[in-house]
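K.L.:
Chains as they are written, first to last, in the UniProt record's numbering: chain G, 1 to 789; chain Y, 1 to 161; chain A, 1 to 262.
Don't read these hints as lab results, they were simulated from the structure.
Please note: incorrect hints may appear among the correct ones.
Just a few of them, taken from the derived set where beta-carbon distance is under 8 Å, the chain Y residues facing chain A [unchecked claim]:
#1 GLU18
#2 GLY19
#3 SER43
#4 GLY46
#5 GLN55
#6 ALA56
#7 LYS58
#8 THR61
#9 MET62
#10 SER110
#11 TYR129
#12 GLY132
All figures in this text were calculated on a predicted structure; none of them were measured in a lab.
Backbone N, C-alpha and C define an ideal beta-carbon position, used for all residues, glycine too.
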Amino acid sequence: MPKDSGIGASSKRREDIRFLTGTGNYTDDINLNGQAYVAFLRSDVAHGTLNGVDSSAAAGMPGVVRIFTGADFEGVGGLPCGWQVTDRHGQPMQEPAHPVLAQGKVRHVGDPIAAVVAETAAQARDAADAINADITELPAVVDMSAALAEGSPKVHDDLTSNLCYDWGFVEENKDAVAAAIDGAHHVTTLELVNNRLVANPMEPRVAVGDYAAHNGESTLYTTSQNPHVIRLLMGAFVLGIPEHKLRVVAPDVGGGFGSKIFHYAEEAFCTFAAKAIKRPVKWTSTRSEAFITDAHGRDHVTKIELALDAEGKFLALRTDTLANMGAYLSTFSTSVPTWLHGTLMAGNYTTPLIYVNVKAVFTNTVPVDAYRGAGRPEATFQLERVIDKAAREMGIDPVELRRRNFIQPDQFPYATPVAVEYDTGNYDATMDKALALADWDGFEARAAESAANGKWRGRGVNSYIEACGIAPSALVGQLGARAGLYESATVRVNATGGLVVMTGSHSHGQGHETAFPQVIAEMIGIDESMVEIVHGDTANTPMGMGTYGSRSIAVGGSAMVRAAEKIINKAKKIAAHLMEASDADVELANGEFTVAGTDKSVAWGDVCLAAYVPHNYPLEDIEPGLEETAFYDPANFTYPAGAYICEVEVDPGTGQVSIERFTAADDFGNVINPMIVEGQVHGGLGQGIGQALLENCVYDENGQLVSGSFMDYAMPRADDLPNFTVDHSCQTPCTHNPLGVKGCGEAGAIGSPPAVVNAVVDALQRGGKDVTHIDMPLSPSRVWSAMNS
Amino acid sequence: MTSVSMTVNGKPVSGDVEGRTLLSSFLRDGQGLTGTHVGCDTSQCGACVVHVNGQAVKSCTMFAAEAAGAEVTTIEGMANADGSLGTIQQAFQDYHGLQCGFCTPGMVMSAAALLAENPSPSEAEVRHYLEGNICRCTGYHNIVRAIMAASGQEVPAVAAE
Amino acid sequence: MHNFELVTPNSVADAVSALSGEDAQPLGGGQTLIPTMKQRLAAPATLVSMGGIAEMVGVCVDDDGVMVIGGATTHAQVAADASASYPALAALAGQIGDPAVRNRGTIGGSLANNDPAACYPAGTLGSGATIVTNAREIAADDFFQGLFETALDEGEIITSVKFPIPEAANYQKMLQPASRFALTGVFVASFAGGVRVAVTGASNEGVHRWSAAEAALSANFSADAVPEAPSADDLISDLHGTPEYRANLVKVLTGRAVAAAG
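Next comes chain G alone, as it looks inside the complex:
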């Protein structure tokens, strides 16, 4: 029987009620008294010298309160990068300034030049359009190879080139890897593109700045996945506001997928302007503006070489990648192609020698940063594609080739040659599960049916692993992170026995308000409805590093468990006093404290009441009250893994790909709420399949964004996707966090693109076409062109 509450129950989401009745509180729903509105004048060229800004005509237009330009921000810090990468030669990366409003140059279409604050949004827009920016257009740097070529125009004149860093990992392995590849029985080589994507959460970004003159406190309401991080970055590095004078609130947030981790210029602007004009200032992005201001994702060009022996054993792996940084370094941009990518190149396999080279490149495009999976989809895609190609070249079944190289269950903990140690896993188990659920053996019959309908059917399989639960602070500090990546939680018990958990994790769709109470309810043995989750406001939650990298339950949940354990330990002491027993003999179950071997008991609520009405209370030993805070810093990453299988039909006449079946067997360790976990996988699959078949962010040679709206950027629709078969019954619990959880948010987006491409290549091969690779997205035009070239 499935549980109906606590850990493992598919509790219905309590947050749904407000979202289903239109009573959610998103940032754009917030309107403050006296609020003014901002509109930005943005560069419409990709690269140019900004000679001056003439706002005289705009200044006199109706409703204009004040106009800001780069000059207003000369005394203000730039937007910081949160991760310093050290290159192959031990040198720090090149790190350009990133002003809030452009100073001297514009570097991508959408770069903000000036901002108008006016009485209404329409007046602000009208006036912004009347500002005259004098720009001398310069040649745009768009293609990464061209950007690195001798004599290329420079995105940043004060840097030596457009190369941010040249990273080698593990540099000491470089020669050994080369030797192994040179001497191998077989080497499979693949050149591929990991297409540039736009996260496109359905809620566009919004920022509302406010300033209280009476106490000098600034408040920013913003669409963020991590309000404390914004407070730290904006307060300390940009505006110079001490954290105790700055409050950041991220209320209901309509999806993030990475793009709302970063600190953006508009947040700093609204906070700055509110103080300058002593009025609240609001900015609401349009979708068109989002396309040219939200950080983009992926955009890698890679050559990968896999060396194998005659039996198909992986001997060595080498990759060369160009990673697009865009025009400026977004908050975590530099970590994505390096530490979130190179460290995953072992995959699920025992490959002993690996060398990863990444050159990060500045271009005149929107900054590129983490998007769902961040580095790990790029790693998985190249690895699982090259394995598939190797299987075909060597005539080995693609499942069998993977199995021959899987790390075996008795090899954990397993230290890979790329600096991470997997704590636990069972890759054959998820593969077996996926094959069974996908009816792998029934494929030929389905293929025959497809053929009878004039379609080519193909199937693709792959494994994946990811490093989640980001991250051990000491480790990431050594690797260049400029922040710790712990999480914190305060558990406050009220006198009447109800609990409030104030967490640094932030929910923007993940269902924390439902899942986190399930853990507390299980620990104490009370009803989930007695636990409330508070998040998203720096004024009433402890320090928090936020939600990304599938870290909420693994890191934030663990902090909550640690705080709850402190609560329970203290409550046991109070209970022991009330029952005149020894602390050590007190047990807590089903919301009741008992003394082993006696019939003594005291209810949870009575202990809580005693803590706040300490008439009969061990005041000499413990303080009144029942509130505890814990900070949890993980000992290691977590390593969710799994096996995915995709079956497609290709229409030979049009090249149209249709996903007929998709099966995902994941190992997430223990699962708190299966319904929510499955929903996370579905969503990840939607985005991964979107990347594989539909989505493509494209610039032309002048740096103009060609796919700048939903008219050209193809978002997956309901009829683009199939029903999914997902399973999480293979569970090897994480060995180093108290819940044994691994995280599930990114798996679908990481594991699915190679399964889709492998399946399409298989279908084309079965259709008699010698196609070994097609770059994503596999649009009908691209598939047809590959078939007919």
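Following the hints, position chains Y and A against chain G.
P.N.:
Here is chains Y and A on its own, set in the frame of chain G:
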């Protein structure tokens, strides 16, 4: 500015609008009905779908003045009279048909329009009908199941054990 | 968007009069015009709404067996009301945009805009329809004049469109995956006097007839008779498809339309 009157969720309302005032803006800013969301500016995402005289429309692609005299229903008007969730809303909760909630009002309004037109749609019909509603969170899997369930059709359990 | 005055006349005559003002523009369902105005790519001083003109709404078949569709009739209404008499055209209307767009967008608005990837121009040209305005009647062959260009004069309103009903017809549309306009669409109509084939979404010149296919299919109305793909010269190249791919689609979709038309 001209004054425009209409009935919203059964209540007569009026307000001053410019020619360019969109129905979505009239509802959100003028009436405080912030359940209707705006997720794009090219009439594609469907977060703003409301019913005008019983038909689903994108309220960000219709001027408020064009709705003069109309009967408008928004997500705020979809609950039962006693405040409990309506059938479609309840199915979305039961089948986990929403995550961040931003597209949800439009999804519910489109689902209501679909079921009014086609009380027992096939899965393919549901998917096709949602062509104008984009969700970035769910992969649509559970939205489709919620709508099938709301139509009274058999749907597998929400999650594996 | 820039502000403007919205006028809502009740008759064609009042609408024509309102459109005589400076920078006045008709507003159909607004499903293209409003997004365009949000981008500030259009900034009329006056918008004249067709939505309140009852005489411009409706679908009927006249005594000569010609289907007449009012210029302000929505796609949803055509999809529903034309399905018995002209199912291919109803099916085309039912594939435009999405349900909410179809509840607002109108045939007159679509034809007047003449988007090179829109569906209605293919159905109209493929049917050999006649566009009726407040001033005159214009044959479809004369109406479409290239990208976003039509024979309409300033201030001229499409009051109705007359569709001769073919013996067999079908519309095949390959979706542009983002906009859901036609990446390429082909409308085939077989009349007693011959076959018409109209192609949208493929050419830099907008909707056009594929005369080679018309000749071949007029002689033998079967999918096997569809000629080789047309030249890719002057076909659209964008991130969704190459000219060669579109040329292939013209051929493949024509064959499928003929097969489906039966």
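K.L.:
Hint by hint, note whether the structure agrees.
P.N.:
Hints versus structure:
no.	hint	verdict
1	GLU18	holds (5 Å)
2	GLY19	holds (4 Å)
3	SER43	holds (5 Å)
4	GLY46	holds (7 Å)
5	GLN55	holds (4 Å)
6	ALA56	holds (5 Å)
7	LYS58	holds (5 Å)
8	THR61	holds (5 Å)
9	MET62	holds (6 Å)
10	SER110	holds (7 Å)
11	TYR129	holds (6 Å)
12	GLY132	holds (3 Å)
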